[in-house]
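Line by line, the protein sequences give chains D and Y.
Quick note on numbering: our numbering labels position 509 of the first sequence as 509, and the sequence is numbered without any gaps.
Quick note on numbering: our numbering labels position 403 of the second sequence as 403, and the sequence is numbered without any gaps.
Derived by calculation from the structure, the hints in this document are not laboratory data.
Here the structure is a predicted model, which means the values were calculated and not measured.
Mixed in with the good hints there might be a few duds.
[Claimed, not checked] Restraint-style ranges between C-beta atoms, simulated for each label pair:
id, chain 1, residue 1, chain 2, residue 2, range
1, D, A33, Y, T369, 24 to 34 Å
2, Y, E186, D, V503, 23 to 33 Å
3, D, P564, Y, L267, 53 to 63 Å
4, Y, L373, D, R600, 31 to 41 Å
Glycine included, each C-beta is placed from N, C-alpha and C at the ideal position.
Letter by letter, the chains look like this.
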Amino acid sequence: MPTHENLPEHATGQNRFRTAPATLFMDRFMTVAIKAGGALVITSVLGIFVFILLQIWPLFAPASVVEARNIQLPDNNYSIIGIDEWGALPFLMEPDGKMLTADFETGEIRKIPIDFGENPPPKFTATTLNKREQDIILGTNDGRFFMVSPKYSSSESDGRQLITINPKASPAEPIGIPGQPVQTIAYGESGSQKLVVAIQPDGDTNRISASLYKRKRSLMGAGKTALAASFDLTPLIPGTPSRIIVPGTADSVIATTADGKVHYLVQNGDSGFSLAQTFSPFSDLENPEIATAAFLFGDVSIVFGSESGANRIFSLYYPEGGDKRLFGLTHEFPSLGARPNFIASTLRNKAFLLGGGNALSLRYSTTDSIRWEQGVPYDPVNAVISGKYQRMAVLDSENKLHFFEIHDPHADSGWKALFGKVWYEGSSAPKWEWQSTGGSDDFEPKYSLIPLIFGTLKGTLYAMVFAVPIALLAALYTSQFLDPGSRAMIKPVMEIMASLPSVVLGFLAAIYIAPLIEDEVPSLLLVAAGLPIIAASIGFVWSRLPIEFRKFIPAGREWIVFLPVLLGSGAFLWSLGPAFEAIAFAVTDPATGQRVGDFRAWWPAATGSTFDQRNSLVVGFMMGFAVIPIIFTITEDALSNVPKSLLTASMACGASRWQTALRIVLPTASAGIFSALMIGLGRAVGETMIVVMATGNTPIMEWNIFSGMRTLSANIAVELPEAPHHSTLYRTLFLGAMVLFLLTFAVNTVAEILRQRLREKFKTV
Amino acid sequence: MASDSPNDLTRTSAAPGEPFVWITAMGLSIGLLMVVGLLGIIVANGLPVFWPNRVVEVTLKPGVANPVPNAGDTITGELVQTRTKRIPILGPDGTSIEDQKEVQFYIGNKDAYGINFVFANRADIASMQEPKDIYRIERLEYGIAFGYPRELVLANGSTIAAQSPEFSKSLAALVAETTARRHDIEQIEKRDIGAINTRLTDLRVSSDKNADAEIASLNARYDTLAAEARALRAEQSANTLVYATPTGVERRLPIGDIVSYSLPNQLGLLQQAGLFVHNIWNFLSEDPREANTEGGIFPAIFGTFVMTLLMSVAVVPFGVIAAIYLREYAKQGLFVRSVRIAVNNLAGVPSIVFGVFGLGFFVYFVGGTIDSLLFSDYLPTPTFGTGRHPLGGIHPRPHDRSSRHCGHRGGHGRRAARHARGLALLRRLKMANHPPYRPPRIASGHPHRSHPRHGSRRRRGRSPHARRSGQTRPEPPGGLRVSVFPLRAQIHAPRLPYLRPRLPIAGLRSRKTNGLCNHSSAYSSRCRPESCRYPHS
C-alpha cells in the first residue's frame, strides 16, 4: 500500500481528480480537428457535385449577344456584306463595284477600288456573295459576270492582329443572252465544278441560264476551270423565277417564283438539268410569298422566311421508301412578327440570324431553339456572321453598321438536343441519336443521352436477369440448408468473385466468352432451360427414395452431389446443342438452297433484328460475376440474421425446411434482400470496363439480346480522353456522369429508405 | 440443423418442397462453378505461355501448300493449339458440315518469314518429330528465332564451329558478358545522362546568369558519357553468332542482341519447370520491350502499387475522421442521417463519375493552375495539367479547320513530356529514387535531332501552324540538345501503326515494314543506326 508521500504531486490530494492539462489540450484540439475534418469531408463531397454542375451549366445557357460598337457608313445602296474569319474587317459592295471596309477595332472606313481591267468600268446590275467560298459574283448590264475574291490576309504587329483586304477580280465571262442585263446571279463551287446561274429579262418573261465550268485535273494538280456547258433552264420552271440559290455541290439549282413556289432542279450528268421537285414552303399561309431564303452551313437545309415573318426550314433527305433526296419540312420556328429582310448563316454550325422589322433573332436550326432574340430601334436590312461564330455585323436601313459580340459556345446543346427527339439533317424522321464526331466539317454532332441511358438500362436488365436468380438461390441455400462446416468455406469462395477486377472480366468476356457463345447459343439455351428442370427432378426423385438411400447424403450436402451431376448434365446438354440447332433453328442457306441449322442466321431471319458477337447475353453473363457476389453476400447476411428462435419454432410446428425458408425466413429478411438487389443494381448501372470491352459500344436503341449497346459509363470511358477541354462534348460527358451519378444515387437512396421502412415493419419479430 | 432435423430420421415420405431445395443447391453450384471456372480459364490460358514448349518439325504431305515461305514441305516451330473448323461440304445429297482439325504453329524468325504464326490442317501433316539440337533464341528485336547454330565469329576474326566442344561454353560466356554490358549501358544512358538532362532543363528555365559555365561542363560530361556508351554498344555487336534458320537460310546475330537462348528439345522436366518459374519471374520483374510485345510488366505493377499506396495515404485519414465525426461529434439529427445516407451511397457511385471529376478538377483546373503559376517556364509542356498553349485555341474543336490536327498530334508529345516532367518533379521531392528517363543524346545527323517538330515543340508562343511548317529545329540557348521526344516511341508505337511513319525512330519504322516485307535482308539489324536498336533501353 503506497503512502501519499511516494506518489507524484498531481496524484495526491485533490489533484488526483484533475485531468492533466496535456490531455485536456489534446482533447480540445482533437475536437476541433475532427469537427473540421468532418466538415471538410462533407464539403468536399458537396464540392464534387457543385463542380460537376458548374461544368454542365453552360450546356443549358442561352447565347450572350452584346452590341460592341457601331459605325455610320456613307449613304449608299450597299448590296452585300461579307466578313473575314475573325470578324474584324467586314466589307460591303457599292452598286458601282467599289468595295468599302469598316474596321472593327479603329472604326476606320476605307474605300477599296477593285481593278476590273476595263475602261470604262463595267456597270453592275446584280451582286451575290458566296458565303461558303467567300467570293463575290457581279453580273453586268451587258450579260457578263465578274468574280471577285476578297483575299483577306492576317499579320501581326505590336502584338495585335492586323487584317488586310486586297480584292482581286477575275476576267469577265459571258452568260445567258449576250447584251442583256443580269438581274440576279448566283454560283456554287465544288472541288471539280462550278455552276453559275443568272436571271436576265427576256422580253416579257425572265430567262434563267446556267453555265457549268469544270476544273481540269492533271498529274500536276488542279488545273484551270473551263466552260463545259451552258443550259437554258427557263422551260423547266413554270412561272417567273425571281430568286436563285446554288448549293456548294454545284450540281443543282433552287429557284423561287413570285407565287411562293420553290423549284428544285438537279443536274443529270452533262446532259442538262431536270425538275426534281416543286414545293411551296408557306402554302398554308395567307400570303405564301417567300421573303428571303438561304442555305444553312452544309448546304443541305434551306431557311425560308415568309412575307409575314413565318420561318421554316426544308432539308434534303431520302423520304421513307424513296430513292431520291428531296426537300421536306424539318423545322419550324416561331414567327419573327415582321417581314424578314435577310437570313445570315454561319460557317461553323447550323445557327442563322433572322432580321427585319426592328427585330433580330439568332436561331439554331437543329434543336429548334432561339438562341437570342432582341428588338432593336432600327430596321436591319443585311447582316453577316464571322467564320468563327463570334461576331456579327448588322447593317440597318440608315446605313449604320452594328457590331455584336456573340458568345455561344454550346449552340448545338440544350434540353432538346440532349433529351429530345431531334430531326438531324439527312435523316427522314426526328430521332434520338448519339454520334459525337464525324468525318466532315459540316457534320452535325448528335448529343442525345437517351440511347446511352437506354443502353445503361438494357445492360443492367440483362445482368440482373442472369445474376439475381443465381445469387438469391445460392444465398438461400448457403444460409438455410448448407451444413455449417461447408458454409465457412463456401462463402469466401463466392466472395472471391467480387475481388476479380472488372477489367479482367471484360477482357475475358471480349476475347474468350464472346467467341465461345457466338457459335453455341443453342447449347446455352438448352443448359439454361435444362438445369433447373434436372435439379427439380433430382430433388423430386430423391425425396421419394426410401430413407435407407437418403441417409447417405445428409441434408446440407446436396451441393456436393450436385456439382458432378451439374457438370455432367451441363456437358450433356451442351453437347446436344448442335442437334438442337439443326432441328429448332434451321434456315435455308441462300447459296445452296439447303436447310442448315445455324442460330446466327436464324435469329435475324426469325426476328428481324441483328446478331452480333459482342452482345447483351455476353455482357449479362459477365456482369453476373460483378453483381452476383454483392447480392449473394448481403442477402446471405440478411438471411442468416433471422433469429434462430423463429426457425426452431417453425420446425417445431412441423414445417419442412423449405416451408420454413419460404414462409418465415424470406419475409423476415426481405428488407435486406431488397437492399441487396438495389445495391447490385447500382453496381450494374455503373459498371464500365466490362461493357466497354464486351458490348461493341454502338449507341442503338433496341432490346434485342443479341445486339450490343453503349452505356453512359462506357461512353465516358471511350470519349472523354478525346474530348477537347470545355467543348460541348466534354460538358455533355460531364452531364452523362451526372445522370449516372443521379441514377445510382437515386437507386441507392430508395433502397436505403425502403430498407429502413421495412426494418421498422419487422421490428416486432 | 443438418442431420438432426426431424425429416431425416422420422419420416419416410417426402418433406414438402424438397425439389426446391435442390434448385437452390443448383444456384450455389452454378455460382461455385462460375468462380472456379473463371479462375481456371485464366490459369489455363495464362500459365502455358510461360512453359517452355518443345519445338517440332512437321513434314507436310506432298503437294500441300506450305504457309511458311520457302520452307519446302516442313514447318518448324512451337505447337500452339489445335482447333476445329466447320466446313460446309456440298455433296450430291445436300450440304453436310465437316469438322476439320487444324494446328497452329508459332514459327518465330519474324525477320526471315515476316509472319509469326501459321496454320496447317491436321490431315495434311505426314509426320512430326522433335529436332534435338534446335536452338530457341530470344532476341532484342523480332522476337524468337529458331535455328541451328553454325559458328561463332569472334571479334578477333577467329571462329568456333558449332560442332566443337567449347562452343556452348563460349556462347554462354559471351551472352552473360553482353547481358552485363547491356546493364552498364542502361545505367549510363538512363541514370547518368538522365541526371544531366534534368539539370540542363532546370538551368535552361532558370534565370541564373552563371548557368552558361555549368551548361558547358555538363555538355562536356555528356559527350564523355555518350562516347562511353557508344563504345560499349560497339562491343555489344563485336561477336556474332551465325545460325541457319530451319529453312536453311544463314543469318548472323550479334551476341549483344541475344536476351536468352535454350535448347528446348533437350530440356528435362525439371529444367522445363525451372525455366517456367524463371519466365514467370522475368515477366513480373522486367520492363516491356519491343513496343510492349515482349519483356515484362514491372512498370504496370509498380504503377498499381504506387497508386494504391498514395490512395491509402490520402484517403484513410479522411475516411476515419469522417466516420468518427459522424458517429461521435455531429449532433444526431436529420442532417447527420441524410449525410450518412449520402456517404453510404457514395460507395455505390460508379468509379467513372469520380474519374470524370478527377479529370475536370484535378487535371484541367488544379493541374493547369499549378502549371501556370509554378511551371510557366515549361509551358506549353505540361507538368501537372495538360499544357494549355499560351496563345490558346490549339485544342481540336469540330469545325475548326486550322487546328484540327495540331492539338491531337501534339497530344502525344505533350503526354510524353508530362511523363518525364512529372518524374523530374517527383525526384526533386525525393519521392522517386530512380532518375527520370532520358534517352541518350544522339550523334548529329540522326533523325532524332533533325526532326523538325522536335525542338519547336518546346518553344513558347509558337502557333501550331509553325510547328507543322517544317522548320528545322533551332538550337535552344544553353545547348540542351536532348528532349524527351523519343519517348513517343514508347507511348504510341504498338497500337497506332498509322502514326509510325511520323515516328522519328527509324528502327520502329523498319520493324513496321518488316511485317509487309518477307525477305527483309534490307532491314537487317546491321544496317540501322546503332542506337535505334534499343528503343526502350
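Now the hints, each set against the structure:
no., hint, verdict
1, D:A33 - Y:T369: 24 to 34 Å, "27 Å, holds"
2, Y:E186 - D:V503: 23 to 33 Å, "31 Å, holds"
3, D:P564 - Y:L267: 53 to 63 Å, "37 Å, violated"
4, Y:L373 - D:R600: 31 to 41 Å, "59 Å, violated"
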